[in-house]
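Asks: Each chain, written out:
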Amino acid sequence: MGAPDNGEKDARLGRRHFLKGAALGGVVAAAAPVVRAQTEESSPGEGHVSVDASLPRPAGPQARSQESTPRDQSATYSSCGGDYMVDVLRSLGIEYFAATPGNTFMGLHEAVINYGMLTQPNLRFITTMHEEASVAMAHGYAKIEGKPMACMMHTTVGLQHGAMAIYNAYADRVPIFMMVGHSLDATRRSGAVDWLHAATDGPAMVRDFTKWDDTPGSLRHFGESAVRAFRFSMTPPYGPTLLAVDTLMQEDEIPGGVRAAPTVPKLSRLAPPAGEEGAVKEAARLLVSAEHPVICADRVARTSAGLGLLVQLAETLQAPVCDTFNRMNFPWRHPLHQSRRQRALLGEADVVLALEPGDPFGLFNQANRGARKITISSVELAPKGNYQDLQRYASGVDLAMAADAEATLPMLIEEVKRQLPAGRKSALEARGKAFAEAHRDEMETAKEMAANGWDDSPISVPRLCMELYEQIKGEDWSMVSGAAFQSHLPQALWTADKHYQYIGAQGAAGIGYMAPASLGAALANQKHGRLSVSIVGDGDLMFGPGILWTAAHERIPLLYIVHNNRSYHMEIMQLQVIANRRQRGIDRVRIGCNIDDPNINYAAMAKSMGVYGEGPIENPRDLGPALKRAIAVVKKGEPALVDVVSQGR
Amino acid sequence: MTDTSPNAPPRAARRACWVSAALLSIIPAVAFAADKPANMARGRQLYMATGCYQCHGTRGEGGGNAGPRLAPGPLPLEGFTLQLRHPRARMPVYTAVVMPDGDVADIYAYLLTVPKGKTAAEIPMLKSLATGPSSK
Chain A
1 MGAPDNGEKD ARLGRRHFLK GAALGGVVAA AAPVVRAQTE ESSPGEGHVS
51 VDASLPRPAG PQARSQESTP RDQSATYSSC GGDYMVDVLR SLGIEYFAAT
101 PGNTFMGLHE AVINYGMLTQ PNLRFITTMH EEASVAMAHG YAKIEGKPMA
151 CMMHTTVGLQ HGAMAIYNAY ADRVPIFMMV GHSLDATRRS GAVDWLHAAT
201 DGPAMVRDFT KWDDTPGSLR HFGESAVRAF RFSMTPPYGP TLLAVDTLMQ
251 EDEIPGGVRA APTVPKLSRL APPAGEEGAV KEAARLLVSA EHPVICADRV
301 ARTSAGLGLL VQLAETLQAP VCDTFNRMNF PWRHPLHQSR RQRALLGEAD
351 VVLALEPGDP FGLFNQANRG ARKITISSVE LAPKGNYQDL QRYASGVDLA
401 MAADAEATLP MLIEEVKRQL PAGRKSALEA RGKAFAEAHR DEMETAKEMA
451 ANGWDDSPIS VPRLCMELYE QIKGEDWSMV SGAAFQSHLP QALWTADKHY
501 QYIGAQGAAG IGYMAPASLG AALANQKHGR LSVSIVGDGD LMFGPGILWT
551 AAHERIPLLY IVHNNRSYHM EIMQLQVIAN RRQRGIDRVR IGCNIDDPNI
601 NYAAMAKSMG VYGEGPIENP RDLGPALKRA IAVVKKGEPA LVDVVSQGR
Chain B
650 MTDTSPNAPP RAARRACWVS AALLSIIPAV AFAADKPANM ARGRQLYMAT
700 GCYQCHGTRG EGGGNAGPRL APGPLPLEGF TLQLRHPRAR MPVYTAVVMP
750 DGDVADIYAY LLTVPKGKTA AEIPMLKSLA TGPSSK
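Chains as they are written, first to last, in the numbering used here: chain A, 1 to 649; chain B, 650 to 785.
Take these hints with a grain of salt, some might be off.
[Claimed, not checked] Derived DSBU-like pairs (lysine-lysine); straight-line CA-CA distance at most 35 Å:
(1) B:Lys767 to A:Lys635
(2) B:Lys767 to A:Lys433
(3) A:Lys628 to A:Lys527
(4) A:Lys425 to A:Lys281
(5) A:Lys635 to A:Lys498
(6) A:Lys433 to B:Lys776
(7) A:Lys628 to B:Lys776
(8) A:Lys425 to A:Lys498
(9) B:Lys767 to A:Lys473
(10) A:Lys473 to B:Lys776
[As the list claims (entries may be wrong)] The following label-pair restraints were derived from C-beta to C-beta distances:
(11) B:Val746 to A:Ala305: 50 to 60 Å
(12) A:Pro273 to B:Ala745: 51 to 61 Å
(13) A:Ala382 to B:Lys767: 47 to 57 Å
(14) A:Lys628 to B:His735: 46 to 56 Å
(15) B:Ala745 to A:Arg285: 53 to 63 Å
(16) B:Thr762 to A:Lys417: 54 to 64 Å
(17) A:Gln583 to B:Lys765: 29 to 39 Å
(18) A:Ser304 to B:Val746: 48 to 58 Å
(19) B:Glu727 to A:Arg440: 27 to 37 Å
(20) B:Thr768 to A:Asn619: 19 to 29 Å
Just so you know, these hints were derived from the structure itself, not from any lab. For glycine and all other residues, C-beta sits at the position ideal for the given N, C-alpha and C.
Please build the complete structure, drawing on both the sequences and the hints.
Replies: Here is the structure:
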């Protein structure tokens, strides 16, 4: 995509001429079109390109007829900055624009619904009920689709709502194209609320945990900044970027008319940063010579290619892979998948390769003190100090590559193959067989663990996971939620080998992510025809239950399973520790943590917003049939929710 | 007993309990209330009231990474008590102030009554799971 071709331009012109004609034929013809008048003073005629759109607005003292005035709602015009912005977004391949409406970005809102949604390539407006939901939806979408979607908020009240979701995305290294409506010209704000929705430097409040931000001063500046924002967002480490977009620049006529619109800038082909050749050779030397190498994978597989590359490296070395499950890095039933043995394996490791480690401190604390430690981490390319103080206490690392792991893997694999002596083949095969046996043992252990309490009520979490798997295992499924609160039982019991089958969790462990991020991921899966399923906590869902209405309104097929343990369960466990250390007993720790008295009927809540609901399911024998009915709804293209009254973990 | 690290195998936590039990040979025996027989029904109430179920499940079946299985077939009472009084990992400490020996005995009596459940081999959904390598 790029600048609209002539045909598209003509189509736009046609629409605008129609608008212009309609407007001029009405009563507004008599009113003074302030914006047009300003333009026409420097632009003698319609369509005459004499105004440079890159020029900033006139500044300093001006004649009364020229200076900024309050918005004239009767003024009409046939081109607008918002349409240009839509063209820029589409040129970046952005398909969706999520927002809870706000008066600082009505200009772009109108352009999306009346121009972006009605012309190709389609830019669809997704209506959310909270700015945190907009950002989290974009978070989940990017983890499936591998590219950003757009979301927009007010500068002040909206950005503050969205801040937690932005921090999650930043910590999770996920690209999001964010914009805020930014009322720059104080003389043209409309009234009291406009003062409250304006800030001198709006992006400042989230600058610590956005990768880059800018406040464009012209449409040409917007175009250039949008491309930069996209590039920064999509260069590892990925992250959310933010443009503060002047409200009037969105609303006003393009200075000089549509023919004077700036060119839509071209997006360069992006190349991620790979490791330095000498460092890669040294890493390969250490790995090849190791007797007990361990590969630790965190946010490695940005794409499906990353998963395949990690498999190649592990198989070449016959080295175990321990996965944090922040991404779908490695097939769950691959014999070299040894995540549940991480502590033991690191304890005897002689070389540890940590790929994009999120917690090198915790990781290397488990490692044998004599182990040589290698890191490949893109976070070291874009460090920030105030939040997410990553890489701290990783001082024992022997070789630290500031590079993207996925981009480095092809070189590393080739170098390992080149250095691997032919005589090591039988030893590596024996190593691999031992790991395959250990994987089978772990699987048997997990199965027996899952059998415990199989028929219990509240329903055991393994039973919940297995009843779900039983329904989806024959489908092209995608788990669009994390699984930490389910003890990563899907990873222990299910078979998954496709990148889109799991997306990991929040990033910054901020609750309120799962329900909206799942919906964003389901939105991405929709066009691929995948069956999206999400296990969402009751506490998480209640942070923003309005997401259920968005699911129904936008007709996004997704199965929500509410892991309803009627509490903020993690906090209960932590509070128990504190209360007992003070020897005051734990019989009151339910206060502030339990979500009961009254119990919430999630199925009824879902139904009230147009989502198919089942539950509360308390008898485990009822769960399978309920899931089957709900999945039938999802396969028809609608969302569904099943409320499962469950054990804590 | 309550290491919640996603990578901490429940087996390791159970191993810690067995090690603790072995230590009993070199430490003083824990005193237990002997003035009345253990009360299973009261033990069930205490098990729920004192929050054991939060990490170990409502019938001691275990709570994934949060807490290992306690029943059926709990540890010997001495080892069980030692873990309460001097817990490993992130389990809350239960001193005699917050859980007297009599309460411990009642809870233990309840755990002894939990019947043996199905094995994985008796559950078709689990039995049929693939244990071998995936396609990639």
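Asks: None of the hints should be skipped; say for each whether it holds.
Replies: Comparing the hints with the structure gives:
1. B:Lys767 to A:Lys635: 33 Å, holds
2. B:Lys767 to A:Lys433: Cα-Cα ~31 Å, so holds.
3. A:Lys628 to A:Lys527: Answer holds: Lys628 (chain A) to Lys527 (chain A) is near 22 Å, not above 35 Å.
4. A:Lys425 to A:Lys281: 20 Å, holds
5. A:Lys635 to A:Lys498: Holds, at roughly 20 Å.
6. A:Lys433 to B:Lys776: Holds, at roughly 23 Å.
7. A:Lys628 to B:Lys776: 21 Å, holds
8. A:Lys425 to A:Lys498: Satisfied, since the Cα-Cα distance of roughly 28 Å is no more than 35 Å.
9. B:Lys767 to A:Lys473: 23 Å, holds
10. A:Lys473 to B:Lys776: Given pair Lys473 (chain A), Lys776 (chain B) holds - Cα atoms ~15 Å apart, limit 35 Å.
11. B:Val746 to A:Ala305: 50 to 60 Å: 58 Å, holds
12. A:Pro273 to B:Ala745: 51 to 61 Å: For Ala745 (chain B) against Pro273 (chain A), whose Cβ atoms are near 59 Å apart, the range 51 to 61 Å holds.
13. A:Ala382 to B:Lys767: 47 to 57 Å: Given about 51 Å between the Cβ atoms, the range holds.
14. A:Lys628 to B:His735: 46 to 56 Å: 48 Å, holds
15. B:Ala745 to A:Arg285: 53 to 63 Å: 58 Å, holds
16. B:Thr762 to A:Lys417: 54 to 64 Å: 59 Å, holds
17. A:Gln583 to B:Lys765: 29 to 39 Å: Hint holds: Cβ distance 36 Å, inside 29 to 39 Å.
18. A:Ser304 to B:Val746: 48 to 58 Å: 56 Å, holds
19. B:Glu727 to A:Arg440: 27 to 37 Å: 35 Å, holds
20. B:Thr768 to A:Asn619: 19 to 29 Å: 21 Å, holds
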